[in-house]
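Take these sequences, add in the hints, and give me the full structure.
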Amino acid sequence: EPEVTQTPSHQVTQMGQEVILRCVPISNHLYFYWYRQILGQKVEFLVSFYNNEISEKSEIFDDQFSVERPDGSNFTLKIRSTKLEDSAMYFCASLSENTEAFFGQGTRLTVV
Amino acid sequence: RKEVEQDPGPFNVPEGATVAFNCTYSNSASQSFFWYRQDCRKEPKLLMSVYSSGNEDGRFTAQLNRASQYISLLIRDSKLSDSATYLCVVSDNYGQNFVFGPGTRLSVLP
Chain A
1 EPEVTQTPSH QVTQMGQEVI LRCVPISNHL YFYWYRQILG QKVEFLVSFY NNEISEKSEI
61 FDDQFSVERP DGSNFTLKIR STKLEDSAMY FCASLSENTE AFFGQGTRLT VV
Chain B
1 RKEVEQDPGP FNVPEGATVA FNCTYSNSAS QSFFWYRQDC RKEPKLLMSV YSSGNEDGRF
61 TAQLNRASQY ISLLIRDSKL SDSATYLCVV SDNYGQNFVF GPGTRLSVLP
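Protein chains in written order, with the numbering used here: chain A, 1 to 112; chain B, 1 to 110.
Keep in mind that the hints were calculated from the coordinates and are not lab data. Every value quoted in this text rests on a predicted model; they were computed, and no experiment measured them. Where a beta carbon is used, it is the ideal one built from N, C-alpha and C, also for glycine. Just to be clear, a hint being listed does not mean it is correct.
Derived lysine-lysine pairs resembling BS3-like cross-links, with alpha carbons at most 25 angstroms apart [to be verified]: (1) A:57 with B:42; (2) B:42 with B:79; (3) B:45 with A:42; (4) B:45 with A:57; (5) A:42 with A:83; (6) A:42 with A:78; (7) A:83 with A:57; (8) A:57 with A:42; (9) A:78 with B:42; (10) B:45 with B:79; (11) A:57 with A:78; (12) A:42 with B:42; (13) B:42 with A:83.
One side only, chain B facing chain A, incomplete, derived with CB under 8 angstroms [as the list claims (entries may be wrong)]: (14) 34; (15) 44; (16) 46; (17) 87; (18) 97; (19) 98; (20) 99; (21) 100; (22) 102.
Here it is as structure tokens:
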């Protein structure tokens, strides 16, 4: 069964550092998403990406965040100048028309 | 983004019980509806899509009421392995703009 893969599974970073979270969506999918989930809280939408550009972003997705799809396969989320409150699980998801969203296993980001 | 609301629970039920979850959504333009299951510290996984006519998959039944803008999930003969958080997910057109509810936590007790 095709799957969305995310790396790393766990990232520990110092406050103020930049991190890049990587995702490889399912190959024929067209829509890509990043979500985050702070421990014990709901899954929150960050950004959606279609046709090589951001199609929608939430209030959380401010100038600290950026996404790109540099090589047609990887889909990355960059977080600059990390803060303690950025600690969360970050999930990547992809889908195509007529499918549900498939989620990666997530990257646990811990900012210390 | 419009909201999706769920009772956070927890629902603590004995094995074999029937349990029902409701979810309400505020965006009347919503077109697609799903129930996802999330185990602790794992990614959400699709449990079932919700169709206008209602649908059943084994012990699970999903219903949609567009007029009242709510979705329900019924679990019959609950198993210990059903313990998880159940997420209501609404999309305003198929394939885009998924909005998650906060989830309802279910614990099935022996």
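Okay, the hints, checked on the actual structure:
For the hint pairing residue 57 of chain A with residue 42 of chain B, the CA-to-CA distance comes to about 23 angstroms; that is within 25 angstroms, so the pair holds. The straight-line distance between the Cα atoms of residue 42 of chain B and residue 79 of chain B is roughly 19 angstroms, inside the 25 angstroms bound, and the hint therefore holds. Of the pairs offered as hints, the one joining residue 45 of chain B and residue 42 of chain A holds, with about 15 angstroms between alpha carbons and a cut-off of 25 angstroms not exceeded. Distance restraint check for residue 45 of chain B and residue 57 of chain A: the Cα-Cα separation of roughly 22 angstroms lies within the 25 angstroms cut-off, and the hinted pair is therefore satisfied.
With a CA separation close to 19 angstroms, the supplied pair residue 42 of chain A and residue 83 of chain A stays within the 25 angstroms bound. As the CA atoms of residue 42 of chain A and residue 78 of chain A are separated by approximately 21 angstroms, the hinted pair is consistent with the 25 angstroms bound. Proximity of residue 83 of chain A to residue 57 of chain A is assessed by CA-CA distance (about 20 angstroms); at most 25 angstroms being required, the pair is judged to hold. Distance check on the hinted pair: residue 57 of chain A and residue 42 of chain A sit about 17 angstroms apart at the alpha-carbon level, within 25 angstroms; holds.
Between residue 78 of chain A and residue 42 of chain B the CA atoms are separated by roughly 22 angstroms; this keeps the pair inside 25 angstroms, and the hint holds. Distance check on the hinted pair: residue 45 of chain B and residue 79 of chain B sit about 18 angstroms apart at the alpha-carbon level, within 25 angstroms; holds. Between the alpha carbons of residue 57 of chain A and residue 78 of chain A the distance comes to roughly 14 angstroms, so the proposed pair stays at or under 25 angstroms and holds. Distance hint between residue 42 of chain A and residue 42 of chain B is fulfilled; the C-alpha atoms sit about 13 angstroms from each other, no more than 25 angstroms.
Between residue 42 of chain B and residue 83 of chain A the CA atoms are separated by roughly 23 angstroms; this keeps the pair inside 25 angstroms, and the hint holds. Satisfaction of the interface hint for residue 34 of chain B is found here, the shortest Cβ-Cβ separation to chain A being roughly 6 angstroms, below the 8 angstroms cut-off. The beta carbon of residue 44 of chain B is positioned within 8 angstroms of a beta carbon in chain A (closest approach about 5 angstroms), and the interface hint is therefore held. With a least beta-carbon distance of about 5 angstroms to chain A, the hint placing residue 46 of chain B at the interface is held under the 8 angstroms criterion.
The interface hint given for residue 87 of chain B is met, as the beta carbon of that residue sits about 7 angstroms from the closest beta carbon of chain A, less than 8 angstroms. Interface restraint check: residue 97 of chain B against chain A, minimum CB-CB distance 6 angstroms, threshold 8 angstroms, status holds. Taken as an interface hint, residue 98 of chain B checks out: its beta carbon lies about 6 angstroms from the nearest beta carbon of chain A, inside 8 angstroms. The criterion of a C-beta within 8 angstroms of any C-beta in chain A is met by residue 99 of chain B, whose closest approach is roughly 7 angstroms, and the hint holds.
For residue 100 of chain B, the interface hint holds, the least distance from its beta-carbon to any beta-carbon of chain A being 4 angstroms, beneath 8 angstroms. The beta carbon of residue 102 of chain B comes within 4 angstroms of a beta carbon in chain A, closer than 8 angstroms, and the hint placing it at the interface holds.
Every hint, counting from the list given before, is met by this structure.
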